[in-house]
Structure formats: structure tokens, C-alpha cells
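S.K.: Given the coordinates of chain A, work out where chains B and C should sit on it, guided by the hints.
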Amino acid sequence: MARHVIAPVDELPPGTRKFLTIDERPIAIFNIKGEFFGLLNRCPHQGAALCEGPLIGLAQSSDPGEIEYTRLGEILRCPWHGWEFDIRTGQSYCDPKKFRTRAYPVNVEPGTNVVKGPYVAEILAVSVESDYVVVDL
Amino acid sequence: MTSPLAGGVDCDLHPAVPHLTALLPYLNDYWRDQVTTRGMTDLVSQSYPTNSPISSRPDWRPAQGKPGSSLDDMKTQALDRFGVSTGICNPLYGVQMVFSEDMANAFCRALNDWLVKEWLDKEPRLRGSIVIPVQSVEKSVAEIERCAKDKRFVQVLMLVMGDMPLGKRTYWPIYAAAERLGLPIGIHAGSNYHNPPTSVGWGSYHIEDYVAQAQAFQTQLTSLIVEGVFARHPNLKMVMLESGWSWLPSYLWRLHKFWRGVRMETPWVDRSPQEIVRSNIRFSLQPIDAPPDPATLNRLFDHMQSDELLLFSTDYPHWQFEGDQVLPEGISPDLVRKIMIDNPHATYPRLKQPVVA
Amino acid sequence: MNVQFRDRPAPGSSVEVKTAIADCDIHPARATASELYPFLAKRWHDHLETYGKQAYQGMMEGPPYPKAQPNASRRDAYPPEGGPQGSSLSFMQKQLLDPYNVALGVLNPLNTGQGLRNQDLSAALATAINDWQIAKWTSQDSRLKGSVVVANEDGVSAAAEIRRRAGDRNFVQVLLLSRNVEPLGQRRYWPIYEAAEEVGLPVGVHAFGFGGNPITASGWPSFYIEEMVGHSQCQQTALASIVLEGVFARHPKLKMVMIEAGFGWAPSLSWRLDKSFERLHSEVPHLKRKPSEYIRDHIFWTTQPMEDPERRDHLFDVIDWIGWDKLLFATDYPHWDFDEPTRVLPPGVSDANREAFYLGNAKKLYGIA
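Chains A, B and C, in that order, are what the protein sequence lines are.
Residues in the first sequence are numbered from 1 upward in steps of one, following our numbering.
Residues in the second sequence are numbered from 138 upward in steps of one, following our numbering.
Residues in the third sequence are numbered from 495 upward in steps of one, following our numbering.
Below are the PhoX-like pairs computed for lysine-lysine, each with C-alpha atoms no more than 25 Å apart in a straight line:
1) C:K749 x C:K858
2) B:K276 x B:K288
3) B:K305 x C:K561
4) A:K18 x C:K588
5) B:K475 x B:K288
6) B:K259 x B:K489
Derived by calculation from the structure, the hints in this document are not laboratory data.
Next comes chain A alone, as it looks inside the complex (with noise of 0.2 Å):
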């Protein structure tokens, strides 16, 4: 696996997310309450844009009527069918059993820590200070 500096931790505030492409895969970066999570950019069930979608919370009930309603902002609705992916693990909640999209490992590293090397303009303008986003790919 390869580390890929995004960008810094101030560009993806908290309640945002970012697309771009990663050796022509399409991953998406969510920050969620300071938390970040990527994903691949593609539903397994009929290829959409996956990470379109809005994020809900996790609806759950033990009895009809009732509705137990957790995980606020972590479940993503694919924008076509919608399906509910966990933000965390990929996994769906239509079929667990069968579907699970591809989730990737974001960490968050400190800005000196970060492999040093060809980086986009926009991306050096900012200060060294700045903690950097990085992926796993």
C-alpha cells in the first residue's frame, strides 16, 4: 500500500467531504466530527457515485412503531437506489450479507511526519504547522 498526502486537515472541516481520483479510482474523504473516512467512489450494486449520497443516521427497531435512531451523520444513502453504507466499515444494511463497499484506512498525520515530495500548489501554500489528511491506498 502507498500513502497519499490529500490535503490538510483545515481543507476537510468537519461536516465536509472531498472527491478526488487515486490511480484512476475515484475515493471520496469524509470529515465527521473530526473523524476522517475515504471510500471508494462506487456502489457496488450499480456503479453510482456512492459518495453523492447524504448521510443519515442508522435506523433501527425492535418493535414497529418504534425507531431506535443512532449513528447520527455516519450512514451514507447511495444517491441512486439508497442504500445504507456504514461510513466506518463499508458495510451495507440492504443485505449485509452480500454487499460491502470498499472502505480505505485515513489517518491523520501530523504535518511533519508527511512523506515529502512533488504536492499540488494549492496544497504548499499552506503552513507547515498544518496537519496534514493522508491516505492508504
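M.R.: Using the frame of chain A, we list chains B and C on its own:
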């Protein structure tokens, strides 16, 4: 021709009430006088016009009176002829059509008492379904509890086209009572005509109404599944009676596909619709809406993905098959046994109970 | 390395479809309500702004059963220049027509003036929408063809609109909805079938609409999923009505298309109709053939939403029973239950059947060379 196996269970027989006057002995004084003083004659649903070809096979139509009104005829033409050990009576008298819950309750009680006196008491092979006044859930539960004391009642009967979709929570006390008492819910073809008899309005013809029964079963199955009836009552079985079943596989494909995408709307549905049908839903055999060639029917059986779904029935005296050809061509003896004996007994726990004469 | 960072993924699709396809169910939208005004008399602008549209259901904003996605559409289908999904020709070209190699796109405009209680308004909106289809879509991209929208509850007015468009190559069919005040075979709709046969256009029946009847024969269900699955049952009953009322006995040249209600139900409905007809044919002596024969000769189905059984041989059985020559591929763009062209048909289909399914049947039915 596939021969029936002796000792089967006929899960759909229709004993007919000859006329409203036949119920008078079973009504209290008030209702007896209401019927006569207001000139009420009969409760015949448009779902089964008396002389419609569907309502009776020609060789089962009596010279006089309504088809299905003679116990002797039912014995010869259905019970003896197909060698069954048990037959379940589903009276289709039009009591569900009235609007007053009090009147409906009186008629249902009378109908259930009439069934016991005129049919179950006179023929030990027969069992009954409790007809309930769905106009009132409370009264329905009371009637279930009253009739369930007689172990010869093995099922609760409802119509497929009523006032509301059957999955609605309003009806759940009925399902709770039935489950508690070991009674499946039988949902039978027919409408109370409180809503248009199709989902797109009132058509012109009896044949339209009859064809539309299949679509009504489909929407009811959706309602029962997505409202979570079987999440709340996992042991409750429901039997689709005279529904047809060749529509089932393609119907489930569609429901499954949409359920995946709108799961969050009904999160209590925690098993796939196919799994729920396999565990909780059954279908009486007749009518078999499929082309007669065995090859196509065998493909359909493959699509069904379960040999536990079908329960033997003649639908006597309705005209669904010719002669003795009640069973489909070319099915294995194993499947015959399942359809005629194993599946009905697995569905109706009370069939095993000894009956006090 | 050079990592391009975006707020939205690259527009369009990364798919490249080599052989041309037909998309027989595309839903073009207006960017704003006033986009229709140039085609509508001023009297109606004022009427709409004062009274709005009253349909055969109570809500004036949004549908009675809230959808699974906003506007019932894909969230990635919002055009970059703004406006609702399906309202931009250029974005439709970029996201659908070009990457999927759509050689023939049939437009089925919804949320127009169909199913309204005010029949004069319905008729005015129908004419306007048809003019709008030409101006904004079919005259700008020759791959696109329109459907003649009509005041569907007023047979006389609808027939007039159909005859008005006779011979106009911008249109390939007449558009009706599946849920109406009465079942579609009833005689108030007969002038529509007469006119369509006369001008040589098939009639498309698109799932949806409200006719004031509960959407099941046992009342109103609770959930959107019930409505979505229920389109199958409504389409079946509408088709049964059309067949049993003798529409095809009277109009032997008429073809009809069942749009967006699936097709898996077709064999079992045909079998049930035939079986009932065997018993009850004396009630309907105007029918000279078995119902399944009328269906076989007159009915086509668009494929979306495509049935999705676990075993593809089951799907192939059903298509064999219907006929590979009867299916018309559709995506339902930009709706959320979009069927992706390269993903929905399992492998194992012969080249001839593939070609028919994706393009050949549509070209033949709609008279496109």
C-alpha cells in the same frame, strides 16, 4: 393425471348459507325481528354471483338452491371423491359488506353458530374458520375468543379486499388473539365492496373483479410484510386462500428490490421479504393460474424456491379444474404428499388435536 | 504527486457504451414553473399563480407518499447550472445520452397537467408541454423524441390534442398514466385509443397518477414502499381493464407500452386472464380472442425497474415467456431507481436478443430507422 393421496387436508371448502332465514334461529330476538321487519333477504357478494360459472362447477351445481348448500353433496363430491381426512370450511356469506358493526357482529356470530350446527356437528371430517366482524376490532377479538373454545375452529377468516390494508396496526389485536390461540389467519378472495374492487377504480365486469383478486393479494402481502406484522408476531401464519400463486416469485423480486433502497422507512423489517413469506405465508392450491404444460409449471415451482408454500384445496364448489385433475400434472409423489398432508398439518396446529364429539 | 481535489466528482459517467441503445423512459423537467409560460396563454399563468393545480389527491406541495430521494431523483443528477434534475439538456447529454450511447431517447414528461380536476387547465397544460418538448428538447437533439401529453380524464379533449400532432415526427407515442378516475379500459378513455390508432401512434401507460381511488383495492396503505411496489398491481389492473373492455378488439392496429411498472408480472397476469376468460367469456362476448393473445400482439413493456431475482435463469424464463421482442430498454433517468444500462442485464443473453432488448424493439415500435 396426478392422483391425490388419501388422507389429505382440503383447505378451502365453501358451505353456502341457503338464505338469510337459515341464520334466524341463531340470531337473538332483536336481530331476528330486524331482519324480518326491514325485509332483509340475503347477503350475496358480487365477488360470487350465484349463477356465475366461477361460483360452481356444472356437475356440482344443484338442481335447486345455492351451490355448496348441501352437506351430502359436499361429502360425495369433495370429501369422499378426493379421499381427504379433513376439510376446512370457509363460509363466504356476505356478512362483511354491511356497514354497521353491531349488525355485522350479530350476523357473524349467527354464521359461526350455524356452521357448527349444520356442518361441523354433522360431519366429523369438517373443521371451520371463524368469520369475524372486521367492522370492529374489539368485537372481532371477542368472537375469536368465543369460537376458539371449540377446537374444531382451526382458522380466523378475513377477506382480501376490506376497509383498510390488512397490515395496518388497527387490526393487530386480531392477529395477537389468533396467534395466542394457535389459529392462522386465512385471507380469502372477495371484497366487502367498501372500496372500489380494484386499485384503479370500479371496472365493468365480474371477470374484472375476479382477476383483480390476485392484485389485491399482492398489495395485502406487501402491507402485512412492511407494516411488520411478522416482526411483532413471528409465529403467526397467514394463508392466502383462492389467491392464485403463480404471481408470487416476480412479485417478491420487486418487493425485495425496493425494500433494499427504502429500508429506513420500515426498519423493523429485519428479514428479507422472501424469508418472511417462506416462514409465515402459505397459499391454497386452487386456482392454479398457469399454463397447463408441466414444463412451465416446473419452472414456476423452481422460481418459488420452497416446497412448503402450497396447501391442497379443491375450492369446492367453485369451478377451478375439470374432473379429478385437482393436482398439477407431472409433480413428484413427494411434492403431492407435502401439498396434501405435510404442509397443511404444519400450518394448522389444531388439526392434530383430538376433537370431542 | 498531483492530486486534483473537488467538491463534486467529475461530471458525466466514466462508463463508455460501445453499442447504441434506446432509453424508452426519460423524464425531462422544467427548470422553473415559468419556463412553460411562453407556451401557455396568459389567462393560465394567472390561474396557476392564484389557484395552483388541484389533482385527485389533497396535497398541493409534494406527493402524498414522500419519495425516497428529493424529486424522486438521483442526487448526482442536479445540473451544475442549477434547476431540478432532468431540467438541463446539456447535462442530460453529458450524464446520460453521450456516455451511454443513447441513439433514441423517449421523453415522458411527468408533473405536467395530467390528472388534474380542472379539465380546461389540463388541456391547456398538455398542449403547452407538447410545444415545450419540441422547443427545448426534440428540436435541439435529434436523438430525443417526445410523447403527446393529453388531458387524460377528458377523452374528447385528449383526442383533439392527439390529432393536432398527427404526422409530427417530434412525437413517437401518446402518454397516459396508470391510475385514473376509472380503469383505463372504460369508455371515457375510448376516444384516446381511437385517435391514437388513427394517427398511428402507440399509447404509453406510465405508472403513477392519482385518480381519486385508494391505491389498493383495500384502502390506502401507510408507506411509500407500498406505493412503489403497488405500481405493479395498478398496472396489472389497468391492463386487465383495457383487454377485457375490448380496446384491442375495436382497435386492431393499436399498440400500447407499459412504462415503469416492471414486466415480471406479465406471464402470471396473462395466465390468470385466460383462465378466468375460459370460465366467464359469456360475460364479455366482444372479445374474439383469448386475453393472452391480445396482450401478445399489442403490448410492450419498458424494462425499468428491472426485476432482480437471485438467479438470472429465473429472469430469463420470464423474458422467454413474454418474448424477447416485447421489451424496451429504459433507465428512467433521472429518477432514483435508475437502471444502469451496463449492469442490469445479466450475462448469458444471445447477441440477437441483446440487440432487440437494448435498441431493435424500440426502433421498430416507434418507427425509427
